[in-house]
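Peer 1: Chain by chain, the residues run as shown.
2 protein chains.
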Amino acid sequence: MIGRLNHVAIAVPDLASATDTYRTMLGAEVSESQALPEHGVTVVFITLPNTKIELLEPLGEGSPIAAFLERNGAGGMHHICYEVDDILAARDHLASSGARVLGDGEPKIGAHGKPVLFLHPKDFNGTLVELEQV
Amino acid sequence: MIGRLNHVAIAVPDLASATDTYRTMLGAEVSESQALPEHGVTVVFITLPNTKIELLEPLGEGSPIAAFLERNGAGGMHHICYEVDDILAARDHLASSGARVLGDGEPKIGAHGKPVLFLHPKDFNGTLVELEQV
Numbered sequence: 001m002i003g004r005l006n007h008v009a010i011a012v013p014d015l016a017s018a019t020d021t022y023r024t025m026l027g028a029e030v031s032e033s034q035a036l037p038e039h040g041v042t043v044v045f046i047t048l049p050n051t052k053i054e055l056l057e058p059l060g061e062g063s064p065i066a067a068f069l070e071r072n073g074a075g076g077m078h079h080i081c082y083e084v085d086d087i088l089a090a091r092d093h094l095a096s097s098g099a100r101v102l103g104d105g106e107p108k109i110g111a112h113g114k115p116v117l118f119l120h121p122k123d124f125n126g127t128l129v130e131l132e133q134v
Numbered sequence: 001m002i003g004r005l006n007h008v009a010i011a012v013p014d015l016a017s018a019t020d021t022y023r024t025m026l027g028a029e030v031s032e033s034q035a036l037p038e039h040g041v042t043v044v045f046i047t048l049p050n051t052k053i054e055l056l057e058p059l060g061e062g063s064p065i066a067a068f069l070e071r072n073g074a075g076g077m078h079h080i081c082y083e084v085d086d087i088l089a090a091r092d093h094l095a096s097s098g099a100r101v102l103g104d105g106e107p108k109i110g111a112h113g114k115p116v117l118f119l120h121p122k123d124f125n126g127t128l129v130e131l132e133q134v
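In order, the protein sequences belong to chains A and B.
full-length UniProt numbering numbers the first residue of the first sequence as 1 and each following residue consecutively.
full-length UniProt numbering numbers the first residue of the second sequence as 1 and each following residue consecutively.
Just so you know, these hints were derived from the structure itself, not from any lab.
Zero decoy hints are in this set.
Identical chains share a label here; the pair holds if one copy fits it or two copies do between them.
Mimicking DSBU-like on lysine-lysine, the simulated pairs with C-alpha atoms at most 30 angstroms apart in a straight line are: (1) 114 <-> 52; (2) 108 <-> 122; (3) 108 <-> 52; (4) 122 <-> 52.
Whenever a hint applies, use it, and build me the whole structure from the sequences.
Peer 2: See the structure below:
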């Protein structure tokens, strides 16, 4: 069912500093930052040859990564995103397997403009899993 | 400097259960488990089209993931591994940039039989970073 690893998201308290770390210390290709107010984050994409890293900084009130950064002040790996061909079929398979889909179970349009779902970390080894239909 | 994302490592308290989750719930291609006593872990590889996930369970005394699992009982993302062409050049660049290399600074032979180094999470947004020379 799952296909490519689309991205690993790292929540950071200071996006400019984190971007500089990836650019200068790790010598990676970094994007300009993009504010995504409807998703409550500002994002920088780290382009690797086979996938990407997303550095996320909270934006505005009620950011979905605010609580994570309260618990992990220095930042950390927040979620991992796998691609699927058919997100509704994936959701139905997961639900029938006993996995919990977060929210109301309906795919939302994610930060890349594509349908996404998030799966409960308690069902996936303490890891928040995002599925994105590509 | 950094190249491909080689793998994301997820520490798990119960490897058989975690493997079953990836096989049956997520429909992924999973390997047989491999005990790596010299690295203190038993590992299962999840093969994705563009990279891999490594599920790690502690093996023996003094496993390098034991403390992580004490803090994160359900498991969680433990480290991320980027490939480099020249690990000594990478180390020297990082040291000159002020990043802390863990251990004595000398590359060790990692679980894939290749030279690796680990970088201090405090210098990388709370994320433990492994570099592997490929």
